[in-house]
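Chemist: Residue numbers (the working numbering), protein chains in the order written: chain A, 1 to 150; chain B, 1001 to 1371; chain C, 2001 to 2330; chain D, 3001 to 3169.
No false leads were mixed into what you were given.
List time: in silico DSS-like cross-link candidates among lysine-lysine, alpha-carbon distance up to 27 Å: (1) B:Lys1040 with B:Lys1030; (2) A:Lys84 with A:Lys143; (3) D:Lys3165 with B:Lys1295; (4) B:Lys1237 with D:Lys3006.
Hints were generated in silico from the structure; no laboratory data involved.
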Amino acid sequence: MSGYWRDIFAGAKSLVIGLSITGREFFRPVVTEHYPYETPTLPARFRGHIELIANEESGEPNCVVCGMCQRACPSGCIALSGEKAPSGKGKVLTSYMLDFTTCSLCGSCVESCNFNALRFSREYNRVAFDKSVFQLDLIARLKEQNQCKP
Amino acid sequence: MNLPRQRYEETFVLNLGPQHPATHGVLRIKVTMDGEYVIKAEPVLGYIHRMHEKIAEQGNFAQFMPYTARMDYLHALAFNHGYCLVVERAAGIEVPERAEYIRVITVELNRIASHLLWWAAFLLDLGGFTPLLYAFDDREQILDLLERTTGSRLTYCYFRFGGVCNDIDDEFISGTRTFIDRLRKRLPVMYHSLVTGNIILIKRIKDIGIISTEQCRRYGASGPVARGSGIDFDVRKHEPYSIYPELDFDIPVYNEGDSMARYMVRMDEIEQSLRIIEQALDKLPDGPIMAKVPKNLRPEAGTCYAAVETARGSLGHRLLCNGDRNPYRLKLRSPTFSNLSLFAEVAEGMMIADVLAFLGSLDLVIPEIDR
Amino acid sequence: MANPIVHALVYLIGLMTFAGLNAAYLVWCERKGAARIQRRTGPCEVGWAGLLQPLADGLKLMTKQLLVPDGVDAALFRLAPVLAMLPGMVALAVIPFSAHLQALDMELSALFIFAFASLAMLCVLLGGWASGNKFAIISSARAVSQNLAYEIPMLLTLITIALISGSLNLREIALDQQGGLFHWNLFRLEGWHILTMWIAFIIFFICSIAETNRAPFDLAEAESELVAGYMTEYSSMGYGLFMMAEYINIVVGACLTTILFLGGWGCPFDVAPGWWWFGLKMYALIFTIIWVRWTYPRTQIYRLLNLSWKVMIPFSLINLLITAGLVKFL
Amino acid sequence: MEATNKLHTTLLTLFGSLNEGAEDATAQNDNDATEARVATIPLDYSRSGANLEQHCRPEQLRTAAELLNTQHFLLESITGVDWPEKNQFEVLYDFIHYAVPQYRVLLRCTVSRDEAIVPSLCSIFSAADWHEREVYDLFGILFDGHPNLIRILLPEDADFYPLRKDYMP
Chain A
1 MSGYWRDIFA GAKSLVIGLS ITGREFFRPV VTEHYPYETP TLPARFRGHI ELIANEESGE
61 PNCVVCGMCQ RACPSGCIAL SGEKAPSGKG KVLTSYMLDF TTCSLCGSCV ESCNFNALRF
121 SREYNRVAFD KSVFQLDLIA RLKEQNQCKP
Chain B
1001 MNLPRQRYEE TFVLNLGPQH PATHGVLRIK VTMDGEYVIK AEPVLGYIHR MHEKIAEQGN
1061 FAQFMPYTAR MDYLHALAFN HGYCLVVERA AGIEVPERAE YIRVITVELN RIASHLLWWA
1121 AFLLDLGGFT PLLYAFDDRE QILDLLERTT GSRLTYCYFR FGGVCNDIDD EFISGTRTFI
1181 DRLRKRLPVM YHSLVTGNII LIKRIKDIGI ISTEQCRRYG ASGPVARGSG IDFDVRKHEP
1241 YSIYPELDFD IPVYNEGDSM ARYMVRMDEI EQSLRIIEQA LDKLPDGPIM AKVPKNLRPE
1301 AGTCYAAVET ARGSLGHRLL CNGDRNPYRL KLRSPTFSNL SLFAEVAEGM MIADVLAFLG
1361 SLDLVIPEID R
Chain C
2001 MANPIVHALV YLIGLMTFAG LNAAYLVWCE RKGAARIQRR TGPCEVGWAG LLQPLADGLK
2061 LMTKQLLVPD GVDAALFRLA PVLAMLPGMV ALAVIPFSAH LQALDMELSA LFIFAFASLA
2121 MLCVLLGGWA SGNKFAIISS ARAVSQNLAY EIPMLLTLIT IALISGSLNL REIALDQQGG
2181 LFHWNLFRLE GWHILTMWIA FIIFFICSIA ETNRAPFDLA EAESELVAGY MTEYSSMGYG
2241 LFMMAEYINI VVGACLTTIL FLGGWGCPFD VAPGWWWFGL KMYALIFTII WVRWTYPRTQ
2301 IYRLLNLSWK VMIPFSLINL LITAGLVKFL
Chain D
3001 MEATNKLHTT LLTLFGSLNE GAEDATAQND NDATEARVAT IPLDYSRSGA NLEQHCRPEQ
3061 LRTAAELLNT QHFLLESITG VDWPEKNQFE VLYDFIHYAV PQYRVLLRCT VSRDEAIVPS
3121 LCSIFSAADW HEREVYDLFG ILFDGHPNLI RILLPEDADF YPLRKDYMP
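Isolated chain A, as found in the complex (with noise of 0.2 Å):
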């Protein structure tokens, strides 16, 4: 019989104690983000799909075309082609596909580039109904960052 009563009691006073705990916590601020109106402050180091970076001055994409992170990405990404420059020495860009469908984020090919051509982006929101959306022209894409530049 002691079992009976004890749960009982025992029982009785835990569930008060939980009612205590939420009713407290009913009475405290508001935890979450109210996310349209409230956007989150991204990290330094936050990974978005890779972009190109282009020296300051020209404008111009540093991708030599070397094609390390086309062999480093895991999953085959990254399609980019390129031709001999004009002046004769190295080769220029001329097309830098990346399927972000496909893409884990995994930053090999960041890390793989020597020549500080590629980093991650900060877009985090990218919504779409159908996958070519996702199938994205980084040259297009820093000629647009370029325009809106001063």
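Assemble chains B, C and D onto chain A, guided by the hints.
Modeler: The following block gives chains B, C and D in isolation, referenced to the frame of chain A:
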């Protein structure tokens, strides 16, 4: 609390199907039931099978790293650590001291986040909605800390062979210390007196799903499932790796073997992980965070095995290399695969509500089972 | 109010709006209460602070297609949600909201409400069985055994109240408790009832939670085990009616507890009794029901039945005995 | 540490008896196509993660497993490996012990690629049930004596074995 076997005239087969709120993933359990009692339960796997082991054989060693985080996304850093360990052991790479400490700190933080999410989901299965929000409130602090250093929140790709890719700064260290004090203050109130002491919860998981030590050994169970049945087996103490021998922490072991024992093992493990992080932060040395490692690694032929303690048990990598750039065969021994294999034997005779409480206490992550 | 037809019409419309508004805005209160307990904001997009949210939910439910899957007993499938609404609405008719605000003053009004409460149990069984879904069958079997087990202690506490106030007419019970805090049955001083009445109050309150399948006794529609219990196969207004029925049953349960224990429309210091005191007590009780739901996990079916047969019923019988003794000798 | 050494020596002696038994067997049918070597190789734990590697022929598998079971070992995992150039499948069994730290026994047995049948350990270690089903599922190695050897990960109607080297998706 296994009730006597019922007579079987009118039984029906219920599909705790791949799409069910309590399976937390695409696990299907074909349950033959007589009214409320389960007569035979048979888990059906493979709904999220992606053939990780074949992918490992395609690319070179470094290219498999992001895939390790996609197996057990709740404790992704331990999977990174396991894969790094087996390749470093095969190729004989020495990891600098500071990188080892950073690895242990981030793995233990990730372990706490995984236990907090297990606790939230387990109580959701038992019908309590509010604890989930309190646990996610704490887990959010960890995710922000880890996002500052690694760049991602859930599927990390932070470890490299020979070290880690980013260094931790002072803000991370001070943030971790405030997190530790905050969680230490909240644990007794929000977790133990609100939930662990609650009579409804105690009645709900006490003496439910009792696993004997012999069953654990025959099925090869590990982690909190084995430690809940009185087996003192934790890979960090059993096969010490990294700098765990230098840190003093103890392994919670309970002998009852029921869901309550597994619950208490995981709650005590959160406190132990806090202790580990504190000691590791105090002893954090300076120095490089990456060893000199050739770009494409070619470990010489032979076989190698490395085990790591994840939140769910001992994760093993059996690696066979034949000297060229990609692994010849990489076997991933996932802890939940063995922990779930004893489910069919223990779940007989229980009622449907207890079967779900027992399933929750096993802490399953389905992509880790199906690989 | 002179001729009965106008009286009946006015009260019919009044009670229907009362029930409809309550069913809608209790959902809002529950979501806001749950959100505050979980330290988040709750619905706040539709209208100011989400006040139009119940309207939006109702509209969504009405515009959805009422799907009747095959292999389902069509007639019973459609009838069950309507029948589930019936007991709640009918019980509102006899509840005395204040001295002269009562639709129908019946002699045995308390018994009338409990007769219809057991009908609600049958509707859940009907809904579960008619939808032919395995989860629904398990959940309706559970709901029947749960409601049956918690009907008995509720009736026993009702008899103790009838002993004290001498009649089963809710109006008499409430009138008997007028005149200040210490005349309420819960704190009744004369006849020393205060000693045992708080046990009866707790039993009655727990039974009213269990009767309406609310957490921690929501085994009938246990989200994590039985997907949505007996409501699994229902969509749009079928589901909407079951939800409204649940909230109206909560309102009826809270009204009953206020009348039987907290002195109906009586004001604590007998300054100005009125229907708004009745509302205050009722919504305080409803808030506690919401508060309880978001604090505790769910029990198992056999612990729940043990709680009723082994704890609730013995305690209410002893309570009945003591009250009978007190009434006789004091 | 002395528990490990004691266990190590007992295992060496037990496996030794296993080897002699097999030695004379190979002596008779020298033209044994699979020329399965039977040997016990102590390993350096820190380099390879295992202490004792035992090569054995499929018939001796069950005796070796019973032997390990009596010593209260637990079956950690079963790995299948495909060696197409040697036309062989290899099955590796990992055993560890709950009480003895840093000790792992690796049981290796090779079988020819055409008729790949390996005795099942289900009756000794229940963990073998699912692991063997997985190796069958991914390699097509049959385990005789297994209660219900059906696919575990791939859909029932899959007719290919993905982890074979000659299988390209």
